[in-house]
Amino acid sequence: MSASMGCAIVGVGETRYVRGSGVSTLHLGTECALNAIRDAGLTPADVDGMILFTYMDPLRTYDLQMNLGIPELSWQLDVAGGGNNATGIITTAAAAIQAGLCSTVLCLHAINRFSSRPERGSGPNLTTPFGLLAAPQSFALWAQRHMYEYGTTQEQLGAVAIACRKHASQNPRALMRTPITMEDYLNSRLVTSPFRLLDCCLETDGGAACIVTSLERARDLKQPPVEIIAGVCNASGPATHEGRDSAEYTSMGSRYAAPRLWEKAGLGPQDMDFAQLYDCFTFTVISQIEDLGFCAKGEGGPFVENGRIELGGALPVNTSGGHLSEGYVRSMNLVNEAVRQLRHEYEGTPRQVPGARRGVVTSAPNPGSAIVLGRD
Amino acid sequence: MLETVEYRLPLPQPGPDDHAFWEGCKAHELRIQRCTACGALRYWGTPMCSRCNSLESEAVRASGRGKIWSYTTTYHGFSRAWKSAVPYTVVVVQLDEGPRMTSNLVDADPAAIKVGLPVEVVWDDVTAEVTLPKFRLTPSA
Chain A
11 MSASMGCAIV GVGETRYVRG SGVSTLHLGT ECALNAIRDA GLTPADVDGM ILFTYMDPLR
71 TYDLQMNLGI PELSWQLDVA GGGNNATGII TTAAAAIQAG LCSTVLCLHA INRFSSRPER
131 GSGPNLTTPF GLLAAPQSFA LWAQRHMYEY GTTQEQLGAV AIACRKHASQ NPRALMRTPI
191 TMEDYLNSRL VTSPFRLLDC CLETDGGAAC IVTSLERARD LKQPPVEIIA GVCNASGPAT
251 HEGRDSAEYT SMGSRYAAPR LWEKAGLGPQ DMDFAQLYDC FTFTVISQIE DLGFCAKGEG
311 GPFVENGRIE LGGALPVNTS GGHLSEGYVR SMNLVNEAVR QLRHEYEGTP RQVPGARRGV
371 VTSAPNPGSA IVLGRD
Chain B
609 MLETVEYRLP LPQPGPDDHA FWEGCKAHEL RIQRCTACGA LRYWGTPMCS RCNSLESEAV
669 RASGRGKIWS YTTTYHGFSR AWKSAVPYTV VVVQLDEGPR MTSNLVDADP AAIKVGLPVE
729 VVWDDVTAEV TLPKFRLTPS A
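In the order they appear, the protein sequences are chains A and B.
FYI, in my numbering the residues of the first sequence are 11 to 386.
FYI, in my numbering the residues of the second sequence are 609 to 749.
These aren't lab readings, by the way, just hints derived from the structure by calculation.
It cannot be assumed that every hint is accurate.
[Claimed, not checked] Each computed DSSO-like pair below joins lysine-lysine, with the alpha-carbon atoms no more than 30 angstroms apart:
| id | chain 1 | residue 1 | chain 2 | residue 2 |
| --- | --- | --- | --- | --- |
| 1 | B | 691 | A | 307 |
| 2 | B | 675 | B | 742 |
| 3 | B | 722 | A | 307 |
| 4 | A | 307 | A | 176 |
| 5 | B | 742 | B | 691 |
| 6 | B | 722 | B | 742 |
[To be verified] Okay, the calculated bits of chain A under chain B, using three or more residues with CB under 8 angstroms as the criterion:
| id | stretch |
| --- | --- |
| 7 | 137-144 |
| 8 | 190-204 |
| 9 | 232-244 |
Positions of the beta carbon are idealized from the N, C-alpha and C atoms, including for glycine.
Taking the hints into account, I'd like the entire structure generated from these sequences.
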């Protein structure tokens with residue numbers, strides 16, 4: 011018998027994932043919110059709590075409330091920050107419900123990331139003058155160190171890209187659906203070593219949302235409830251530049267989220283039927299597989315080889331195609347995929363993880379959030 | 609580079625937590641912080657000593673030698689300004705004194721760069737006011 015946060019995800023929804031939405035971020039937010047509310051068999055008036063996170067592209071809960079015509083909200087929280095917050099806001103929503111602050115919470119992220127890519131100019135003094143400007147470079151530094159310490163190979167990074175694309179080829183929502191080979195991967199252009207184009211996720215316009223409510227209420231709703239067994243919101247460790255030991259340099263915040271997550275869940279990596287792991291870059295899948303304890307530190311490279319993380323393998327990872335091939339909605343799309351897998355919505359197709367009962371979803375890089383979801 | 613060519617890449621805007629570092633660079637002196645309470649050495653941008661929580665520190669001169677902790681050679685121009693500079697190599701150097709810093713590795717064939725290789729600081733006076741500390745592979749003796 012596993013633990014529980016006493017809450018469930020009862021609705022999921024999203025916009026189309028595109029590059030060039032032609033609509034406002036508020037438009038994307040309202041659209042994915044409404045889709046999630048309807049998926050739950052609810053109306054906007056049934057929502058009394060709201061939490062979202064924004065990254066560079068502002069969106070406010072208050073504006074969503076006005077547009078959705080929600081007469082009153084008991085609780086709302088606007089979080090500023092990156093994708094590490096996604097499963098964190100779901101955890102926080104469940105905690106707010108357990109604390110009696112509200113009963114039904116809309117959790118959301120929407121962004122015109124492709125259409126409003128900011129010009130990178132000013133930035134931190136100690137890195138920007140040296141041309142360290144963008145996420146691919148920071149993650150490349152971590153990946154390079156991982157390759158040095160553990161012998162991780164370019165082909166192992168490639169195996170992650172290939173698995174995600176293979177999964178996306180079965181997903182009509184995915185932005186990139188044409189399967190790729192190792193040759194395609196190795197021939198893709200170098201962006202910042204060791205990363206090639208196909209190591210990088212897809213800057214996307216889109217939104218994804220889910221509805222969290224108490225387990226008790228969930229049992230009366232339209233969808234089979236997907237229980238939030240445990241959650242961690244933004245765990246972190248020593249983060250000062252020179253204070254980072256080797257393991258920290260090659261890990262994500264999931265290194266700190268994982269022990270808390272498994273302890274709260276009363277479960278371990280061996281109990282997971284799939285994992286939806288924050289794949290802003292191929293490398294983060296390898297490091298989080300280690301952080302979460304699916305294998306020992308340093309063995310993530312060999313772990314992803316030979317189809318082990320593909321559907322049909324021992325641990326299917328990012329069964330929608332993930333950020334690398336479905337779209338980059340900062341882990342909220344990974345949550346929706348986990349919910350659909352646990353509802354067995356893909357039953358009868360190769361996309362379904364057979365008999366899936368439990369799965370983990372992470373949000374990275376640092377600090378790290380994660381949730382364990384399950385069904386009876 | 610000819611001195612008449614205008615430097616177009618972003619320049620540091622020194623603040624209270626790194627002012628002494630950039631002053632040192634101008635004097636071609638690589639400085640790190642030393643906690644005056646416990647003696648721990650650290651890099652910049654950190655007003656408090658994470659070991660003893662003292663807010664008192666002083667700038668001390670580092671050797672300018674270290675080893676490559678990690679690196680990435682960037683081929684994609686991530687901003688309009690930096691498009692003109694690719695390819696270039698961002699390096700994280702572990703200084704012999706312990707702290708790690710971000711810089712550029714210059715005059716190196718990307719194929720020859722490896723984690724762990726020894727490097728030494730070189731000074732790039734990019735404007736009359738600003739000098740950037742960069743690194744090169746230490747010539748083998």
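>> Run the distance test for residue 307 of chain A versus residue 176 of chain A: straight-line Cα separation, threshold 30 angstroms.
In response: Status holds; Cα separation ~26 angstroms.
>> For residue 675 of chain B and residue 742 of chain B, compute the direct alpha-carbon distance and say whether it is at most 30 angstroms.
In response: 13 angstroms, holds
>> Hint check: residue 722 of chain B vs residue 307 of chain A, CA-CA at most 30 angstroms. Holds or violated?
In response: The given pair, whose Cα atoms are some 22 angstroms apart, holds under the 30 angstroms limit.
> Do at least three Cβ atoms from the stretch 232-244 of chain A come closer than 8 angstroms to Cβ atoms of chain B?
Replying inline: violated (count 0)
>> Just to be careful, I want the Cα atoms of residue 742 of chain B and residue 691 of chain B compared with a cutoff of 30 angstroms; is the pair within it?
In response: 19 angstroms, holds
>> If you count the residues of the stretch 137-144 of chain A with a beta-carbon closer than 8 angstroms to a beta-carbon of chain B, do you get 3 or more?
In response: With 8 residues close enough to chain B, the hint holds.
> Going straight from one Cα to the other, do residue 722 of chain B and residue 742 of chain B come out at no more than 30 angstroms?
Replying inline: Cα-Cα ~17 angstroms, so holds.
> With a Cβ-Cβ cutoff of 8 angstroms, does the stretch 190-204 of chain A contain at least three residues near chain B?
Replying inline: holds (count 6)
> Is the Cα-Cα distance between residue 691 of chain B and residue 307 of chain A 30 angstroms or less?
Replying inline: 37 angstroms, violated
The structure fails hints 1, 9 (numbered hints given earlier, in ascending order).
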